[in-house]
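First to last, the protein sequences are chains X and B. Read in our numbering, the first sequence has 1478 at position 1, and its numbers run on one by one without any break. Read in our numbering, the second sequence has 1555 at position 78, and its numbers run on one by one without any break.
One or more of the hints may lead you astray.
Straight-line distance between alpha carbons at most 25 Å, and here's what the computed DSS-like set of lysine-lysine pairs gives [unchecked claim]: (1) K1843(B) with K1799(X); (2) K1799(B) with K1831(X); (3) K1606(X) with K1531(X).
Note that these hints are calculated values from the structure, not bench results.
2 protein chains.
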Amino acid sequence: MKRKLYAVIMAGGKGTRFWPLSTAERPKQLLKLLSAKSLVQETAERVAPLFGRKNTVIVTVDEQHAAIRKELPRLPRANFLIEPQGNNTAPCIGLAAVELAARDPDAIMAVLPADHWVSDGRRFAQALKESVLFTERENVLITVGIRPTYPETGYGYILKGKKAARGNAGDIYRVAGFAEKPRAKKALQLMRRGALWNSGIFVWRAATILESIRRYAPAVARGVERIQEIARGRRLATLPPKDAAAFRREYRKMPNISIDYAVLEKAGSEGRVAALEADFGWSDVGNWNALHRMLPKDAGGNAGVGRRLAFRSKNCLAYTDKRMIAMLGMENTVVVDTPDAVLVADMRRSQEVKDLLEELKRRGYKKYAVR
Amino acid sequence: MKRKLYAVIMAGGKGTRFWPLSTAERPKQLLKLLSAKSLVQETAERVAPLFGRKNTVIVTVDEQHAAIRKELPRLPRANFLIEPQGNNTAPCIGLAAVELAARDPDAIMAVLPADHWVSDGRRFAQALKESVLFTERENVLITVGIRPTYPETGYGYILKGKKAARGNAGDIYRVAGFAEKPRAKKALQLMRRGALWNSGIFVWRAATILESIRRYAPAVARGVERIQEIARGRRLATLPPKDAAAFRREYRKMPNISIDYAVLEKAGSEGRVAALEADFGWSDVGNWNALHRMLPKDAGGNAGVGRRLAFRSKNCLAYTDKRMIAMLGMENTVVVDTPDAVLVADMRRSQEVKDLLEELKRRGYKKYAVR
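Throw the hints in and build the complete structure from the sequences for me.
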């Protein structure tokens, strides 16, 4: 695609939901959950043919910088933007937009979480291309929506309005509104009404998202503008120490808020957001249950990695590095074996792994808890 | 008690049911399941005050000899009788009887499995003493029966006949018959009719059990007599090499059969067996479920050894050496972590661990399978 197109990969997440496989030192995007490559590597390789390595920018945090660069050794050093702390997606995207608008005032950016999964790369590429074309034609914010395959309660939903364009990868709709993570009954209703999963993948002009931040999120905009003043058009990754320190100071002061909440919900109600209805085998791989859904399974519905035996067991997931995992008479159970800890959980309660970690912390098992 | 009294501890069992904690090299009697001592140590120390170390004899197998001696360093070397292969209890007891009858023609022997648990040592001692007194008065075979506390399907049952004597540790009854491991409904009936668990603890004269073997189990008797001829009154553990080899050859030829089946059932039907109805907190600790029943539990019914967290979980058992075991939303589940393997099983199906091991073997995971 054209030179002014950039991919922004957000790779600062902690991913406690895959504990004990994921830890503070080994966040989800570094895990090889579904292939021989880490999720962040998969994401970078998915966008490289579309945007080129020179135009692929990573936003990550201090603690993960070294590990992420090791995963992506062929990306230019200047393309790693480092947050001094994770501030959720609005500041992160604002930061990337500052960088890209300085590189090219016409820059169009595709924003992608580092730790999602896409099974149909061809349709994914087509969806991004068609989103870019629509952004060039109409200067709106595009969010990529996913046609639901089941009533997931762990995702937010996008309510479709009028159709705005037809496409091969999926039609584009005006966004009528957003729905937060619903309860089971509501999720079914949303799915039936044609609502889409909110994937967290966005396409827009850098200038347009900066303008939208100014309009809808003044608290975020203040930080963004100060960083813009500090950078004065230079690349953020290579600022001289004094300016870098100033940038970090400003970033720390920014509010912790998502782009959906800070900008998209409000912009949507003013008709400035469109959604491409995509279908490229997407998952946010949000927890063990989601992972089990995507892995190849035996006749009993059992899946896993490493030496394992699911004996007289159904719908189980076993992850092991060295040791044999032997299950007997288990159902819907995930077993994860690491050098430090063994997790045995009801897979349908995978969302509660974060509560388990809180409890570990409370009991003084700091070594095992993530932060 | 008197000099002619001997304890015979049968310590040759394999105990696959505690896999992966128990293995071929680490059979159940060597495990520290319920205290800081191994089960065989506990058993030896339980009988030492009654019989003395000089009169405590261990019967074990080649593979376990070194490990068992290490557990019991204070027993005389001549008190370790080594089976060249495990042949079940009838040959094992015949062998011990040959040894003890040679030491003392009036020898009375208490036979005890090495891997059982007794929580009330005082009542246990009393039960053995009263059994010995009854054996001296009436020359019968005594089997120690346990008053059931629930309808266990994993034990054989003893059907009580007429009361033969009153005792402090428990009354003694003529044995009317034996029932094999029953199904659930039958177990309840047996318990209601006052039947006793067959503990596998016996008291009798060495001469009497030898005579009974001759009478009821001629195939076993042949081997016993040949060994008697080879030994010619000498201690089995210190026979010169040529005689030791001959003894081993004969032992290998003996049939694999239990003392219950070979002798007691038949002797019982001829009125030659009595049962003491005991109640000393006994368990054969037959599997993970039995172990869970005996361990101290938290308010949620969870028990275990090592670093563990049973979070939003009920009636679980966790055994770990080094790693943390974290459970989430589990019920009736046993998790055992060892350096080689992790077992996760429905505790109510603990009896099926042996099938799991067969399956492991079938799949070529020989390293993990027992044998």
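Against the 25 Å threshold, does the CA-CA distance of K1843(B) and K1799(X) hold or violate the hint?
Given that 25 Å is the threshold and the Cα spacing comes to 16 Å, the pair holds.
Keeping to a limit of 25 Å between CA atoms, is the pair of K1799(B) and K1831(X) held or broken?
With Cα atoms ~23 Å apart, K1799(B) and K1831(X) stay inside 25 Å; holds.
Would you mind confirming whether the straight-line C-alpha gap from K1606(X) to K1531(X) stays at or under 25 Å?
Within the cut-off at roughly 18 Å; holds.
Consistency with the previously given hints is maintained throughout, with no hint failing.
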